[in-house]
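Here the structure of chain A is known, so what remains is to put chains B and C in place on it, guided by the hints.
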Amino acid sequence: MVNLTINGRQIKTEANTTVLEAARANNISIPTLCANEATAPYGACRLCLVEIKTARGRERLVTSCLYNVEEGLTVQTNTDRIRKIRKMLIELLLARCPDSDVIQKLAQEYGVGKSRFVEQSGTNKCILCANCSRTCEEVVGVSAISLSKRGTEREMTTPFGDDFSDVCIGCGSCSFSCPTGAITVEDKKGKRTITFPHNIVEFKLKKCSVCGQYWAPEKQIKYIAKTSGTPLTDYDKCPDCRD
Amino acid sequence: MVKIKSPAELGALKNSIMEKRQAEKPVITICNGTGCQAYGSKSVVAAFENEVKKQNLESKVDLKVIGCPGFCERGTLVVIKPKDIFYQRVLPKDVPEILSETIGKGNIVNRLLFTDRARNEKIVKEGDVPFYKSQMRLILGNNELIDPEKIDDYIAIGGYTALAKALQMTPETIIAEVKKSGLRGRGGAGFPTGNKWESTRNAHGDIKYIICNADEGDPGAFMDRSLVEGNPHSVLEGMIIGAYAIGGHEGYVYVRNEYPLAVKNMRLAIEQAEAYGLLGDNILGSGFSFHLQIRRGGGAFVCGESTALMASLEGKVGEPRAKYIHTSEQGLFGKPSNLNNVETWANVPLIINKGADWYSKIGTAGSKGTKIFALVGNITNTGLVEVPMGTTLRTIVFDIGGGIPKGRKFKAVQTGGPSGGMIPEKLLDLPVDFDELTKAGSMMGSGGMIVMDEKTCMVEMARYYTNFLMGESCGKCVPCREGLRQMKYILDSITEGRGKEGDIELLQDLAATMVDASLCQLGQSASNPVMSSIRYFRDEYEAHIKEHKCPAGVCKIAAAAAK
Amino acid sequence: MPENENKAKVKEVIKKYHKDKSTLIDVLHDTQAAIGYLPREALETISAGLDIPLSKVFSVVTFFKAFSLTPRGRHLINVCLGTACHVRGADKVVEQIEKELGIKTGENTADLRFTLETVNCVGACALGPIVVIGEDLHGEMTPEKVSEVLKNYS
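Chains as they are written, first to last, in my numbering: chain A, 1 to 243; chain B, 1001 to 1563; chain C, 2001 to 2154.
With the rest of the complex left out, here is chain A (with noise of 0.2 angstroms):
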């Protein structure tokens, strides 16, 4: 177990916690947009820094969903200078989403105003966090879609930006992973219609043997299939018939 502080408030934790983990434990809110709690943390949105001082008195500026826990450890998350870079970083992710309703709360939140900077447009709301990519690749294990590009021209994208996917199954995970409601997913007609930043992928849905309703995208199907050795046939029907 190991014993730290935060925001004055005694904790004690397992080791290889990390400080957001710890927090969280402890009903302390920090705010993240990029961390997902199914995947390995990035460390890119920056939201979630703190301020840190360890047992032999070094003084920094951490993100807490990467630092490890320490003995001793006096960790602030709310600090005057924290809430600045705060202010800042939503002000900037303002410029870049305008019209996310996530990054509106959010300034809401830090009483962030208009935003001083330009206006990015196109980049509807994606803020690339890559929750969709890391879950793709770390939990589905597919990896159809990847950051491509770098800086400021960065972009979540297919390979080549095409409008298919060879190994993309259609699960919607990014979907769900996805803080800003960025990727969109609608099963309509038999079809299903993943919408990314800058590609739309489509599916076909399959159809219940017993109930007639569609229920998964078959390519899904076939991976759950080939994964898990299952012959395709015990997903003819759709979970609610198959008792």
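Hints are supplied without guarantee of correctness; some may be wrong.
As the list claims (entries may be wrong) - Lysine to any residue pairs mimicking SDA-like chemistry, simulated, CA-CA at most 25 angstroms apart:
{"#": "1", "chain 1": "C", "residue 1": "2009", "chain 2": "B", "residue 2": "1295"}
{"#": "2", "chain 1": "C", "residue 1": "2009", "chain 2": "B", "residue 2": "1267"}
{"#": "3", "chain 1": "C", "residue 1": "2009", "chain 2": "C", "residue 2": "2135"}
{"#": "4", "chain 1": "C", "residue 1": "2015", "chain 2": "B", "residue 2": "1293"}
{"#": "5", "chain 1": "A", "residue 1": "114", "chain 2": "B", "residue 2": "1516"}
{"#": "6", "chain 1": "C", "residue 1": "2019", "chain 2": "B", "residue 2": "1267"}
{"#": "7", "chain 1": "B", "residue 1": "1488", "chain 2": "A", "residue 2": "119"}
{"#": "8", "chain 1": "B", "residue 1": "1439", "chain 2": "B", "residue 2": "1388"}
{"#": "9", "chain 1": "B", "residue 1": "1093", "chain 2": "B", "residue 2": "1052"}
{"#": "10", "chain 1": "A", "residue 1": "87", "chain 2": "B", "residue 2": "1516"}
{"#": "11", "chain 1": "A", "residue 1": "189", "chain 2": "A", "residue 2": "163"}
{"#": "12", "chain 1": "B", "residue 1": "1316", "chain 2": "C", "residue 2": "2006"}
{"#": "13", "chain 1": "B", "residue 1": "1042", "chain 2": "C", "residue 2": "2150"}
{"#": "14", "chain 1": "B", "residue 1": "1323", "chain 2": "A", "residue 2": "79"}
{"#": "15", "chain 1": "B", "residue 1": "1083", "chain 2": "B", "residue 2": "1022"}
{"#": "16", "chain 1": "C", "residue 1": "2016", "chain 2": "C", "residue 2": "2037"}
{"#": "17", "chain 1": "C", "residue 1": "2099", "chain 2": "C", "residue 2": "2142"}
{"#": "18", "chain 1": "C", "residue 1": "2015", "chain 2": "B", "residue 2": "1271"}
{"#": "19", "chain 1": "B", "residue 1": "1042", "chain 2": "C", "residue 2": "2153"}
{"#": "20", "chain 1": "B", "residue 1": "1316", "chain 2": "C", "residue 2": "2018"}
{"#": "21", "chain 1": "B", "residue 1": "1053", "chain 2": "B", "residue 2": "1100"}
{"#": "22", "chain 1": "B", "residue 1": "1122", "chain 2": "B", "residue 2": "1099"}
{"#": "23", "chain 1": "B", "residue 1": "1556", "chain 2": "C", "residue 2": "2100"}
{"#": "24", "chain 1": "C", "residue 1": "2092", "chain 2": "B", "residue 2": "1404"}
{"#": "25", "chain 1": "A", "residue 1": "188", "chain 2": "A", "residue 2": "209"}
{"#": "26", "chain 1": "B", "residue 1": "1003", "chain 2": "B", "residue 2": "1287"}
{"#": "27", "chain 1": "B", "residue 1": "1406", "chain 2": "C", "residue 2": "2145"}
{"#": "28", "chain 1": "C", "residue 1": "2009", "chain 2": "C", "residue 2": "2040"}
{"#": "29", "chain 1": "B", "residue 1": "1081", "chain 2": "B", "residue 2": "1052"}
{"#": "30", "chain 1": "B", "residue 1": "1125", "chain 2": "B", "residue 2": "1099"}
{"#": "31", "chain 1": "B", "residue 1": "1335", "chain 2": "C", "residue 2": "2052"}
As the list claims (entries may be wrong) - Not everything, but these chain B residues come out facing chain A in the computed CB check (under 7 angstroms):
{"#": "32", "residue": "1322"}
{"#": "33", "residue": "1324"}
{"#": "34", "residue": "1470"}
{"#": "35", "residue": "1473"}
{"#": "36", "residue": "1475"}
{"#": "37", "residue": "1476"}
{"#": "38", "residue": "1477"}
{"#": "39", "residue": "1479"}
{"#": "40", "residue": "1482"}
None of these hints come from the bench; they were simulated from the model. Given the structure is predicted, the values throughout are model-derived calculations rather than measurements. We treat Cβ as the ideally placed atom computed from N, Cα and C, and that holds for glycine.
Positioned in the frame of chain A, the structure of chains B and C alone reads:
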């Protein structure tokens, strides 16, 4: 080539190489580094080769094609040894005369000599040329004695004797010596090298990687290029000593793709060192093995950052990662890794051979040894300058650099590349020292020194650097990516006459967050050019914003914009 | 058929690097040197041969400036925009080349004679502004010299 199996055999090889050479036979050294190649040095080399045959002078003179000796302004550089006759701006058409007059008859070809305009006299000997006189060329000086494609040249000047000596010391003793020398990283951060070696040695695990950062991304800096092109073995020798001290058996030399000659020469050096048993299995019969691979960059400044470089070596995009756990603990492929810059590695054989006591007498209290700088821009003598730490900027710019050409005035010198800052005239007496330069709002950096004259607009320079960094940002973290994007917009509008009240303060606000919140050094230091130019040249910003005028006359601010 | 030839060349490159995933960047360099650029099929072969998801290969190719997904001209023009060249007027040289060839940086001439790119420092700063065409270094370039230099490349 037969493998050298012991230090004694190395000594014997050196003697046999020296025996085959006639000490008094003139040698014509011709620079064929990338800089002189831009002057057409390849044709000069070819002309010499042809003319020597034509004039039947093979028995009278040897030719040696060398890497960059540093006085790039005057290429193609030709020095005739042992008298050190210095010919500059040599063209193919000058070659027959050099051979017939200087080699054939012992006469000097006056028009090819360097003219010291200050004293209005022609200089014959290389060492008397003002550019070289105030330098202390401990590292770069060897470039003139070596054909980089011939390992025997390196051995002839004592190459690999430091390695032989080191292999008879214990790793701990070597590390103690490097610590004692006070050597600090030459890549820019200035981290104490001995400490880094020690941390990596003490880290958990049997597999440790030894890496050379030859990515040299700072535009205007080419010190590392000249070392890797001109004396690759000095870097290799340093790496092998380091590997032995740290306990690493595998390593990489990461060279940026934009340096094809450096890649070629280093590759050849590795092959030749392996053939001699100085690299690879059972080095010099010591039982210690170390294997090196060369890898190329893909064209990304961010890959000069250690974790981005390592990601690139793993076949991934050059995205840095947090360094809460140092790379000396978890680096390449998650293993303890020791990464050092080219010039840092090149200093190691010198420290081992001459000792830490000798080395630490050079330089200042906090910055030991010499540093190589690339002196470029609006300066008379462009080239590579090696001076002891503590030399003032004024000495470098005026005594060595020859001051500002075209009768113009000095305005600022930029050190540290895009991560550094502008230093104005009033601070010219600052010594080159890691800590002093940082205090002034700049940094030592890798060694690029860009001189700017009165016709430079400091706001435009800040815009240039911001634009550069924006293009090189990896794009992972919000403060760097979005911060640079917005900084560029603001600087664009100021230089285009659309600046408004509050722009300076907004730049400062943005900079504060970029410094505090960016993931890596690129983002953390990205606002240095802007902030240092505001600190020392605020009046120029205000002229652009309030009066819609560019005092240096550079920015095209249309009269209409002033309305 | 060029496609089959290309596939064979790529497989040779992968073999040379022992199918080592970490050598992706060198594999891409050698492949681009062999084919002239990186066509889609080559990247698919590399993805399969090195067992790296295509999306990750695509990320690396688009991250690094050295790589091109589209065919390049016979002569690659690289204008140095490093700081030393910049203070000596490199952007005017770029503008002049753009004007002469009727293309913008990053583009090819219609007849695929030239591709125009910029680079951040080749380390020959004494002769700035520098323009590299293929393997030739042209130093002390001015807008006035552009036409003459380009004439040498057919």
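A quick look at each hint next to the structure:
1. C/2009 with B/1295: holds, 20 angstroms
2. C/2009 with B/1267: Holds, because 23 angstroms separates the two Cα atoms, which is no more than 25 angstroms.
3. C/2009 with C/2135: This hinted pair holds, its Cα atoms lying about 23 angstroms apart.
4. C/2015 with B/1293: holds, 17 angstroms
5. A/114 with B/1516: holds, 23 angstroms
6. C/2019 with B/1267: holds, 21 angstroms
7. B/1488 with A/119: Satisfied, since the Cα-Cα distance of roughly 13 angstroms is no more than 25 angstroms.
8. B/1439 with B/1388: Holds - the C-alpha atoms of residue 1388 of chain B and residue 1439 of chain B are around 19 angstroms apart, at most 25 angstroms.
9. B/1093 with B/1052: Judged against 25 angstroms, a Cα distance of about 14 angstroms means the pair holds.
10. A/87 with B/1516: It holds: about 13 angstroms lies between the C-alpha atoms, which stays within 25 angstroms.
11. A/189 with A/163: holds, 20 angstroms
12. B/1316 with C/2006: OK: residue 1316 of chain B and residue 2006 of chain C at ~24 angstroms, within 25 angstroms.
13. B/1042 with C/2150: Distance of about 21 angstroms is within 25 angstroms: holds.
14. B/1323 with A/79: holds, 23 angstroms
15. B/1083 with B/1022: Within the cut-off at roughly 14 angstroms; holds.
16. C/2016 with C/2037: At roughly 19 angstroms apart (the allowed maximum being 25 angstroms), residue 2037 of chain C and residue 2016 of chain C satisfy the hint.
17. C/2099 with C/2142: Holds - the C-alpha atoms of residue 2142 of chain C and residue 2099 of chain C are around 14 angstroms apart, at most 25 angstroms.
18. C/2015 with B/1271: holds, 20 angstroms
19. B/1042 with C/2153: This hinted pair holds, its Cα atoms lying about 19 angstroms apart.
20. B/1316 with C/2018: holds, 17 angstroms
21. B/1053 with B/1100: holds, 12 angstroms
22. B/1122 with B/1099: OK: residue 1122 of chain B and residue 1099 of chain B at ~20 angstroms, within 25 angstroms.
23. B/1556 with C/2100: Distance of about 22 angstroms is within 25 angstroms: holds.
24. C/2092 with B/1404: Cα-Cα ~22 angstroms, so holds.
25. A/188 with A/209: holds, 18 angstroms
26. B/1003 with B/1287: The hint holds at about 14 angstroms.
27. B/1406 with C/2145: Roughly 21 angstroms separates the two Cα atoms, so the pair holds.
28. C/2009 with C/2040: holds, 14 angstroms
29. B/1081 with B/1052: holds, 16 angstroms
30. B/1125 with B/1099: Holds. Residue 1125 of chain B to residue 1099 of chain B sits at ~18 angstroms (cutoff 25 angstroms).
31. B/1335 with C/2052: holds, 21 angstroms
32. 1322: Check passed: Cβ of residue 1322 of chain B comes within 5 angstroms of chain A, closer than 7 angstroms.
33. 1324: Holds. Min distance 5 angstroms.
34. 1470: holds, 6 angstroms
35. 1473: Constraint on residue 1473 of chain B satisfied, holds at 4 angstroms.
36. 1475: holds, 4 angstroms
37. 1476: Holds, about 5 angstroms.
38. 1477: holds, 5 angstroms
39. 1479: Holds: closest Cβ of chain A sits about 6 angstroms from residue 1479 of chain B, inside 7 angstroms.
40. 1482: With Cβ-Cβ at 4 angstroms, under 7 angstroms, it holds.
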